[in-house]
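Asks: Sequence:
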Amino acid sequence: MKQFAKITTALSLSLALTGAFGMAVSAAELTGAAAADADTSYTIEDMLTYAIQDEFNAKAEYAAIQDEFGTVRVYSNIEKAEDKHIAALMPLLDAYDVAVPAQPDPDSYELPATLAETYAIGVTAEVLNIGMYEKFLAQDLPDDIRIVFENLMKGSENHLAAFERLDERVGLGLSAGTGSRTGAKAQNGDDSNSRGNQTSRAASRGAGGRGR
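Numbering-wise (this note's numbering), the sequence shown opens with residue 1 and increments by one.
Hints listed in this document are in silico derivations from the structure and should not be mistaken for laboratory results.
Idealized CB from N, CA, C, for every residue including glycine.
Mixed in with the good hints there might be a few duds.
[Claimed, not checked] With a Cα cut of at most 30 angstroms, we get these calculated DSSO-like pairs of lysine-lysine:
# : residue 1 : residue 2
1 : Lys80     : Lys154
2 : Lys154    : Lys84
3 : Lys135    : Lys80
4 : Lys84     : Lys135
5 : Lys154    : Lys135
[As the list claims (entries may be wrong)] Each pair of labels, with its calculated beta carbon distance range:
#  : residue 1 : residue 2 : range
6  : Thr71     : Asp140    : 36 to 46 angstroms
7  : Glu157    : Ser76     : 17 to 27 angstroms
8  : Glu29     : Arg169    : 27 to 37 angstroms
9  : Arg169    : Thr43     : 26 to 36 angstroms
10 : Ala113    : Arg146    : 13 to 23 angstroms
11 : Glu150    : Ala113    : 32 to 42 angstroms
12 : Leu137    : Pro91     : 10 to 20 angstroms
13 : Pro101    : Pro142    : 15 to 25 angstroms
Use the sequences and the hints to build the structure in full.
Replies: And the structure:
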């Protein structure tokens, strides 16, 4: 959690202009934690909408990464956890008559060139998610919503720790721009995958793959 405090301020400053994958977005297009960060006050509807959007966004991001680089244990496990987060929120949206927002298309994300660089994306996504829930938990909340938000924040703290370990292991740190990029096992977090298979998968997508 030490890295959380170091990067939250920088992320907040750039959040209104840059998406998790470095794509420029306008304030009107912000969703999830990014929208919550840009907002100054929250209704119950706002908080539930931002929360479910951010869980949808995380699931789509991690699905996009695996679609590009193959199944990766950390992403596979956390994607399943995101399903549980979504399942925990859905009854609240129903109970408080909040419309379920549209889910993002995993194919709409622009990914970095290497799997190793995606771990910093995971760090960023989880830091923003935790920050969002911290803001929500500072509000006057009904007990049922508070309990769910607390549990989801704890889950995201576990996810953050997993991504930080992998990001540090491959030597990229939060900059995701320098350091060692060798060692397939360290990069993918799963001994069963090889960098050669990942490269072949990415190359086979050809012109149909997402742009970089």
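Asks: Could you run down the list of hints and mark each one as holding or not?
Replies: Each hint tested on the structure:
Between lysine 80 and lysine 154 the alpha-carbon distance is near 15 angstroms, which keeps this suggested pair within the 30 angstroms criterion. Restraint check for lysine 154 and lysine 84: the C-alpha separation of about 13 angstroms stays at or below 30 angstroms, so the hint holds. Taken as a hint, the lysine 135 and lysine 80 pair is honoured in the structure, with Cα atoms around 25 angstroms apart against an allowance of 30 angstroms. For the hint pairing lysine 84 with lysine 135, the CA-to-CA distance comes to about 21 angstroms; that is within 30 angstroms, so the pair holds.
Distance restraint check for lysine 154 and lysine 135: the Cα-Cα separation of roughly 14 angstroms lies within the 30 angstroms cut-off, and the hinted pair is therefore satisfied. As the Cβ distance of threonine 71 to aspartate 140 is approximately 43 angstroms, the hint placing it in 36 to 46 angstroms holds. In this structure, glutamate 157 and serine 76 meet the distance hint of 17 to 27 angstroms, their C-beta atoms being roughly 19 angstroms apart. In this structure, glutamate 29 and arginine 169 meet the distance hint of 27 to 37 angstroms, their C-beta atoms being roughly 34 angstroms apart.
Here the CB-CB span from arginine 169 to threonine 43 is close to 41 angstroms, at odds with the stated 26 to 36 angstroms. Hint check: alanine 113 to arginine 146, Cβ distance near 41 angstroms, so the stated range 13 to 23 angstroms is violated. A C-beta distance of roughly 37 angstroms is found between glutamate 150 and alanine 113, which places it inside the suggested range of 32 to 42 angstroms. A C-beta distance of roughly 19 angstroms is found between leucine 137 and proline 91, which places it inside the suggested range of 10 to 20 angstroms.
Taking the beta carbon of each, proline 101 and proline 142 are about 21 angstroms apart, inside 15 to 25 angstroms as hinted.
In summary, the numbered hints that this structure violates are 9, 10.
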